[in-house]
Structure formats: C-alpha cells, structure tokens
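2 protein chains.
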Amino acid sequence: MAHESKLKKIHLAARALRLSTTETRNRVLLKAAEFLLEEEETILKANIKDLKKLPSDVSPAFKDRLTLNTQRLSAMAESLRQVADLPDPLDEEGEKRVLRNGLQLKKVRAPLGVIFMIFESRPNVAIEAFSMGFKSGNAMILRGGKESQHTVAVLYKILQTALKQVGLPADTFWGITDPDRKIVNQLLQQKEFIDVVVPRGGEGLINFVVNNSLIPIIKNDRGLCHVYVHDGADLAMAVNIIVNAKTQRPAVCNSMETMLIHSSVAEQLIPMLYQQMQSFNVKWFGDAKTVKILKGSKNVKKASEKNWNTEYLDQIVNCKVVNSVEEAIAHIDKYGSKHSESIVTADASIAQKFQREIDAAVVYWNASTRFTDGFEFGLGGELGISTQKLHVRGPVGLQALTNERWIATGTGQVR
Amino acid sequence: MAHESKLKKIHLAARALRLSTTETRNRVLLKAAEFLLEEEETILKANIKDLKKLPSDVSPAFKDRLTLNTQRLSAMAESLRQVADLPDPLDEEGEKRVLRNGLQLKKVRAPLGVIFMIFESRPNVAIEAFSMGFKSGNAMILRGGKESQHTVAVLYKILQTALKQVGLPADTFWGITDPDRKIVNQLLQQKEFIDVVVPRGGEGLINFVVNNSLIPIIKNDRGLCHVYVHDGADLAMAVNIIVNAKTQRPAVCNSMETMLIHSSVAEQLIPMLYQQMQSFNVKWFGDAKTVKILKGSKNVKKASEKNWNTEYLDQIVNCKVVNSVEEAIAHIDKYGSKHSESIVTADASIAQKFQREIDAAVVYWNASTRFTDGFEFGLGGELGISTQKLHVRGPVGLQALTNERWIATGTGQVR
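As you go down the protein sequences, you meet chains A and B in turn.
Take the first sequence: its letters are residues 13 to 427, numbered as in the working numbering.
Take the second sequence: its letters are residues 13 to 427, numbered as in the working numbering.
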C-alpha cells in the first residue's frame with residue numbers, strides 16, 4: 013500500500029493528539045506565528061522563486077493569490093494568534109441522557125482524526141488550514157498547488173519546527189511537496205488511515221476528488237448565489253444589497269451571480285441597478301424582458317442557458333424578471349449551488365416561505381450574500397464553505413472539524 | 013442520464029415535503045400502519061412466494077430475517093405508530109448569533125433531501141427506513157435485497173397508497189423492485205438528485221457502495237467490539253458484562269468479538285468466563301497465555317492474526333491477555349471498527365483515559381456493548397449504526413437524517 017508506513021505514523025500521532033491539552037496546541041500555533049515573522053526573508057525568497065517560475069499566461073488574480081509580502085506574512089502570523097485565542101471545541105459536552113437502567117450517556121466532542129486538505133496555490137491557505145485543523149486536535153496532511161511548492165516547503169518546515177519545539181511528534185503534520193499529482197490519487201484510496209478529505213479549489217479539483225476518493229469529503233464547492241427582489245421591496249435597499257453582493261469582491265464564492273427581479277418592480281429597479289453597476293463596468297446578461305427594459309444600453313446581452321449556470325467570479329451578472337416568489341424559488345432550485353441565497357422584501361410571510369423552501373447553506377432576508385464567511389459569522393475563521401448536505405453547511409469552522417461521540421458510564425448494566 | 017425524469021420528480025417531491033407539516037407526515041405513517049394490518053393476507057402470500065424461491069443453501073438466520081408473520085407485521089405497524097409519536101426534528105432552532113451590524117443568524121434543522129437506502133432481504137427494514145427518513149422530511153428511495161422482492165413490492169404499494177390518501181405526491185417515495193443490481197450503480201452516480209446514500213448490509217455491499225458512489229454516504233459498517241477488563245476490576249461484574257456482550261444476541265453488530273484481560277486477573281477470570289460461556293457452547297480463540305490458562309479445555313484454539321480481525325456474529329470469541337490499558341487501547345486501535353468498546357474497571361482515571369483515547373462511536377465504562385442501539389439510547393429507533401467520523405457516530409436516529417443550515421435576517425446589511 014502506498015505510503016503505508018508514513019500513514020501509520022500519522023495515525024499514531026493523531027492518537028497522541030487526542031490526549032494533548034489546549035495549551036500545548038496553542039503553544040504550537042504561537043511558535044509558528046513567531047517563526048513566520050523570523051523567517052520572513054527565507055519565505056519571501058522562496059516565494060520569488062515560485063513567482064519567477066509562473067507561466068506568463070497565468071491571470072493577475074492567480075499571481076496575486078500566490079504572492080507573499082511583509083504585510084501578508086504578518087496577517088498570517090496574526091491569524092495563527094487569533095486561532096490560538098479561539099475556544100477549544102474539544103471535550104465540549106452535548107446532549108446527556110440517563111437510561112432507565114441508570115446508564116449515563118453523554119455526547120462529547122472529539123477530533124475527526126487525520127484530515128487531508130488539498131488546496132490551490134495560495135500559501136496563506138496552508139497556514140489557515142493547519143491552524144484550524146490542528147487547533148481542533150487533528151493530524152493534518154496538506155498538499156498545495158504545485159506553483160507554490162517552494163513557498164509552502166518553507167512554511168511546512170516552520171510548522172514542523174514549531175511542533176518539535178513544543179514536543180509533539182513531527183508526524184502530527186505532513187506537508188507534501190511532491191509536485192506529482194499521483195500522490196493525491198494514492199492518498200484518496202487510504203480510507204483506513206485518512207478520516208476526511210477537504211478539497212478546496214476549482215471545479216476540476218473538486219470533481220477529481222469526488223470521483224476518486226474512497227474517503228468522506230467536506231466539499232468546498234462553487235457558489236452560484238442569487239438575490240431575489242420581491243414585489244413592494246424597498247428599492248434603495250435592493251440596489252444597495254445587489255450592488256454589494258455583485259461588486260464588492262466578485263472573485264469570491266459568496267458574491268452574487270444572478271438577480272431575480274419581480275415584474276412589478278422591474279421597470280423601475282433594473283435601470284437603477286444597471287446605472288449603479290456601470291461604475292464597476294459590470295457586464296450584464298439578461299432575459300428578454302431585462303434586455304427590453306435596458307434597450308440601447310451597451311453593456312447588456314441576451315442570456316443563454318449557459319449564463320444562468322455560470323459562476324463568473326467576475327464583474328459580470330445575470331438578470332431575470334420573474335412573476336412570483338415561486339418562480340424565483342424554482343429558478344434558484346434549478347441553478348443554485350446550495351451556497352447563499354437572498355430575498356429582499358418587506359413581506360415577512362414571503363421571506364419565511366423563501367427561507368424555508370430554498371435549500372442552501374445560508375438563506376438571507378434583506379442582507380447581502382457576502383456575509384457567508386467564517387470570520388463574519390464569528391466562527392473565528394473557516395476552512396472553506398460547505399455546500400454539501402452532511403456534517404456541516406456553510407462556513408467550516410473549528411466545530412466542523414470535530415464530531416460528537418457517545419461516552420457511556422455504567423455500574424455493570426447488561427441487556 | 014439514467015432515470016433522470018424519475019429523479020427530477022423525486023427532487024420536486026422532496027421540495028414539497030420541506031413545506032409539509034408534522035401532522036401530515038404523521039398521518040401518512042399512521043395510514044401505512046393501518047394498511048399493513050389490513051393487507052396482512054396479501055403481504056404474507058407474497059412473503060411465502062419469496063420464501064419458496066430461496067435457494068436451499070441459505071442460512072436459517074437469513075431465512076428468518078426474510079420471514080414475516082402476524083406477530084411481526086403487528087410489530088412493524090407498531091413501529092410506524094411509534095415513529096409518528098416521536099417529536100419532529102425539523103425546524104428545531106439551534107445556535108443563534110447577532111452580528112455587530114445587527115444581522116441575526118440562527119441554525120435551523122432541515123431535511124437532507126433525497127435519501128437512497130440499500131438494504132438486505134429484511135422486509136421490516138423497508139418500513140423502518142421509510143418511517144425514519146420520511147418523518148424527518150426526506151423523500152426516500154428504497155432498494156431491498158432481491159430475495160425479498162415480492163414482499164417489499166406489496167409494502168411499497170402500501171406506502172404509496174398511504175401517501176396518496178394523505179394527498180402527498182407519489183414521487184415522495186420510490187420503492188425499487190427491479191432485481192437487476194445495475195440500477196444501484198446507476199443511482200450511485202446521480203449526485204445532482206440524490207443527497208445521501210445509506211447502505212445497510214454485509215461488507216460486500218458496503219464496499220461496493222464506497223467504491224462506486226459519487227454521493228455522500230452514511231455507512232452502517234461492521235461492529236468488531238471489544239471489552240477490556242483492567243487490573244482490580246470487579247470480576248463478577250466483568251463476567252456478567254462479557255457474557256452478555258457475547259452471547260445475548262451474537263448476530264448483531266454491537267455484540268462483542270474480543271475480550272482483552274489484564275494479566276493480573278487473567279488466571280482467575282479466564283476460567284470463570286470460559287465456564288459461563290459453555291452453556292452457550294461458545295468457541296474460543298485465545299492468545300498463547302489464554303490457551304495455557306485453559307489447557308485441556310476442548311473449546312479453545314490458538315488465535316491467528318485473522319481471528320483478531322473477524323466479526324464472527326456468532327457464538328465464537330477471541331481472548332487476549334494484556335499487560336496494561338495502553339496495550340488494550342493499542343489492540344483496539346488496530347482491530348476495532350470504531351463501533352462500541354467497553355472497559356471494566358474500578359479505577360476512574362483508567363476509565364477516563366480509555367474513554368478519551370479510544371476512537372469509537374460509543375465507549376462504555378462498566379456496561380455491555382449491547383446498548384448501542386437507537387431504541388436503547390432513547391432515539392426512538394435507528395436507520396443503522398454509523399461507524400464513520402462525519403455527520404453522525406453511533407445510532408442513526410431522526411436527527412441524523414436532517415442537517416442544520418443558517419437562516420439570516422437583516423435590515424439591509426451589506427459588507
């Protein structure tokens with residue numbers, strides 16, 4: 013079996029970690045924060061090496077995500093200190109029951125075990141993922157995008173040193189520097205040793221993991237989010253929410269891709285939205301009614317089926333006129349990605365219908381979809397946003413990296 | 013795409029079900045209970061047809077699980093009424109937060125959506141699975157073992173009639189009668205329409221589903237459970253617990269397969285255990301020390317590596333002498349199936365170490381492993397026992413067939 017001896021050691025390290033104290037784990041995080049700042053020169057040198065190797069045709073956004081600098085390094089160190097400050101999710105006691113025979117049951121929070129996280133070429137994600145997973149008592153296997161290999165190699169070394177200095181086994185953490193993708197496929201088969209896989213990245217990576225993993229997954233899938241404006245909504249609020257949801261940071265998964273506008277407010281609202289978005293040079297794709305309302309405007313094209321289904325992650329938006337909340341719900345049910353959806357309305361019963369019937373991780377009433385984020389939600393960070401139905405929906409915080417198991421205490425009970 | 017139009021209808025039915033009331037869902041369960049009794053003759057006739065078709069070499073246990081009679085039918089009807097009586101897990105509100113900007117967040121419990129359950133040739137499981145899944149607001153796809161096809165076909169029809177009489181769409185439930193296994197493989201690819209797969213049965217079925225499913229799984233895997241008796245334990249209690257855990261119903265997953273006995277009590281305890289188990293004609297496999305202690309006893313053989321790893325589900329047991337709680341924990345970590353483990357000791361600190369370090373769904377102190385069961389735990393039933401790390405550990409009750417998503421209510425908040 014590939015990597016068996018290494019995986020056995022990690023499994024043992026995860027067992028030892030179950031017994032570690034909050035204070036020990038926090039000390040590792042604080043040490044790592046120190047070393048990040050001390051090793052700035054080495055890290056930035058490695059980062060320049062990675063940047064120099066980039067093919068000339070990568071997007072500026074890709075390059076930006078890979079780039080580190082003094083400011084970003086201190087933000088990473090600060091995030092480690094913040095995670096150290098968070099309450100420990102482990103050993104938290106949940107539901108308690110006493111059976112009629114006197115057997116005492118309680119649910120107690122425990123680590124997941126060994127987490128394998130696969131992520132894009134964003135060095136800061138290595139630090140975030142380690143800090144969240146380790147804080148919640150898990151042994152971590154990290155594998156970043158190959159374009160960041162020199163940078164993450166230095167970061168991995170720093171994490172190892174921090175572990176060693178605090179006296180934890182080095183096998184508590186495995187940072188994979190092998191750029192060959194084969195190793196990912198091999199590890200996805202190792203369900204005896206790896207408890208959970210967390211892929212984070214583009215659709216290609218997610219599909220690869222879903223198609224090949226024998227290990228349960230916490231999926232950070234795409235965000236195709238909608239805002240629906242109902243009949244009688246406060247139009248100024250609607251404009252404010254929609255423009256924010258689309259333009260404030262279009263490259264993230266909680267930004268909005270499609271607006272659904274009730275026909276009774278379409279004539280008035282759509283030109284307001286169009287005008288406001290022109291300062292961000294937003295390109296529009298609209299249904300026939302939208303195109304008609306915006307006749308003569310240069311940044312509007314007719315939407316095709318493909319548009320409704322596209323996560324642009326860019327200053328591009330879809331607009332559709334609908335005749336009812338039911339039509340809006342049906343559209344979202346068909347095209348949404350179970351991430352974040354919002355309704356703008358003054359009618360509480362319509363809002364409740366929408367919030368109840370829409371099957372998404374977060375359903376907003378009169379707020380921007382942009383709040384779906386572990387920091388914004390007060391979870392102290394996130395390993396991503398889950399769009400799946402099992403285990404966790406929405407921001408994946410510390411608690412989502414643990415589970416609840418039963419501890420039963422008796423006095424000799426038998427059946 | 014295979015079965016696409018059917019699956020689309022089920023998806024729509026699941027959406028409608030999200031809006032159904034507790035009372036409507038309970039009425040379906042009570043109707044089904046009525047029909048089960050009314051249709052006794054038809055059901056038993058179909059059951060006899062199935063029984064007659066059984067190959068002559070099936071085990072008596074297999075045949076017993078397939079067999080229905082008046083008493084079993086009324087137990088099935090009673091279980092439907094009991095599930096109707098359980099509190100509705102839906103719409104339960106969990107964690108609440110108010111962000112600094114005034115945005116109100118709360119977690120609200122929702123159905124998983126569409127659940128595909130695959131089970132062995134046990135007709136009562138069809139009723140149990142439908143009642144638990146449907147009560148918690150899920151559309152259900154059921155596929156029982158082919159040997160039960162005539163029996164479950166009648167049961168499926170009863171469930172359909174109950175749905176129709178209460179006015180719910182027939183597509184809320186799909187009972188698959190096609191005996192060709194191809195359909196299972198086809199459905200395991202349909203991640204757009206099916207939210208969760210629940211396989212229940214032998215290792216072959218579980219592995220088939222794990223290897224082929226693109227859909228997240230709630231796994232009901234094997235139970236290889238241990239009882240460890242520590243130095244200084246109350247030996248009468250130890251005998252009582254071990255004999256119960258092994259012999260009371262050996263064919264179920266929460267029965268014990270291996271005893272681990274501390275060397276300081278082995279000489280005294282092992283002969284007591286052996287003698288007690290002889291009335292159940294239990295066959296023993298022991299390590300060298302056990303074999304030596306029981307020298308001359310006829311029902312003892314030397315255990316091989318394979319024995320420690322076998323879920324007997326029969327009156328067969330393994331016994332190993334260990335020198336410490338650490339050795340017991342290491343053995344369980346190597347061979348256990350993360351189901352149920354127990355320690356017998358008078359020492360609270362040893363018990364706590366064992367309960368903390370053992371990574372299983374339920375860890376007992378001074379009690380039999382046989383309590384790991386949805387009814388025993390007071391969950392009102394179970395769809396199985398989960399041995400996985402994500403979403404649910406131990407008995408899968410109504411709550412485990414739902415998830416928590418975020419409902420956010422604002423007054424125009426933007427980032």
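You may find that some hints are simply not true.
[Claimed, not checked] Label pairs and their computed distance ranges (CB to CB):
#1 A/Asn113 x B/Glu107: 45 to 53 angstroms
#2 B/Lys20 x A/Asn219: 19 to 27 angstroms
#3 A/Lys20 x B/Glu90: 43 to 51 angstroms
#4 A/Gln327 x B/Asp97: 53 to 61 angstroms
#5 B/Glu35 x A/Lys307: 49 to 57 angstroms
#6 B/Leu226 x A/Ala73: 13 to 21 angstroms
#7 B/Ala14 x A/Asp359: 40 to 48 angstroms
#8 A/Ala263 x B/Thr36: 56 to 64 angstroms
[Stated by the list, open to error] Think about it this way: if two alpha-carbon atoms lie no more than 35 angstroms apart in a straight line, the pair counts; the simulated DSBU-like pairs of lysine-lysine are:
#9 B/Lys194 x A/Lys108
#10 A/Lys203 x B/Lys346
#11 B/Lys18 x A/Lys318
#12 B/Lys365 x A/Lys203
#13 B/Lys21 x A/Lys346
#14 A/Lys231 x B/Lys21
#15 B/Lys21 x A/Lys21
#16 B/Lys108 x A/Lys43
#17 A/Lys203 x B/Lys18
#18 A/Lys231 x A/Lys304
#19 A/Lys346 x B/Lys346
#20 B/Lys295 x A/Lys346
#21 A/Lys203 x B/Lys295
#22 A/Lys118 x B/Lys18
#23 B/Lys194 x A/Lys346
#24 A/Lys313 x B/Lys20
#25 B/Lys231 x A/Lys346
#26 B/Lys43 x A/Lys365
#27 A/Lys310 x A/Lys203
#28 A/Lys304 x B/Lys21
What the hints contain is simulated information worked out from the structure, not anything from laboratory work.
No residue lacks a Cβ here, since even glycine has one placed at the ideal position from N, Cα and C.
How the hints compare with the structure:
1. A/Asn113 x B/Glu107: 45 to 53 angstroms: violated (32 angstroms)
2. B/Lys20 x A/Asn219: 19 to 27 angstroms: holds (22 angstroms)
3. A/Lys20 x B/Glu90: 43 to 51 angstroms: Cβ of A/Lys20 to Cβ of B/Glu90: about 48 angstroms, so the range 43 to 51 angstroms holds.
4. A/Gln327 x B/Asp97: 53 to 61 angstroms: At roughly 55 angstroms between Cβ atoms, B/Asp97 and A/Gln327 fall inside 53 to 61 angstroms, so the hint holds.
5. B/Glu35 x A/Lys307: 49 to 57 angstroms: holds (51 angstroms)
6. B/Leu226 x A/Ala73: 13 to 21 angstroms: violated (30 angstroms)
7. B/Ala14 x A/Asp359: 40 to 48 angstroms: About 42 angstroms separates the Cβ atoms of B/Ala14 and A/Asp359, which means 40 to 48 angstroms holds.
8. A/Ala263 x B/Thr36: 56 to 64 angstroms: Once the Cβ atoms are compared, 44 angstroms apart, the range 56 to 64 angstroms for B/Thr36 and A/Ala263 is violated.
9. B/Lys194 x A/Lys108: violated (44 angstroms)
10. A/Lys203 x B/Lys346: Distance of about 14 angstroms is within 35 angstroms: holds.
11. B/Lys18 x A/Lys318: This hinted pair holds, its Cα atoms lying about 24 angstroms apart.
12. B/Lys365 x A/Lys203: holds (26 angstroms)
13. B/Lys21 x A/Lys346: holds (13 angstroms)
14. A/Lys231 x B/Lys21: With Cα atoms ~26 angstroms apart, A/Lys231 and B/Lys21 stay inside 35 angstroms; holds.
15. B/Lys21 x A/Lys21: Violated, at about 49 angstroms.
16. B/Lys108 x A/Lys43: Holds. B/Lys108 to A/Lys43 sits at ~34 angstroms (cutoff 35 angstroms).
17. A/Lys203 x B/Lys18: Holds: A/Lys203 and B/Lys18 sit about 33 angstroms apart, inside 35 angstroms.
18. A/Lys231 x A/Lys304: violated (40 angstroms)
19. A/Lys346 x B/Lys346: violated (46 angstroms)
20. B/Lys295 x A/Lys346: Outside the cut-off at roughly 58 angstroms; violated.
21. A/Lys203 x B/Lys295: Given pair A/Lys203, B/Lys295 holds - Cα atoms ~32 angstroms apart, limit 35 angstroms.
22. A/Lys118 x B/Lys18: violated (42 angstroms)
23. B/Lys194 x A/Lys346: Status holds; Cα separation ~27 angstroms.
24. A/Lys313 x B/Lys20: holds (30 angstroms)
25. B/Lys231 x A/Lys346: holds (29 angstroms)
26. B/Lys43 x A/Lys365: holds (28 angstroms)
27. A/Lys310 x A/Lys203: violated (54 angstroms)
28. A/Lys304 x B/Lys21: The hint holds at about 34 angstroms.
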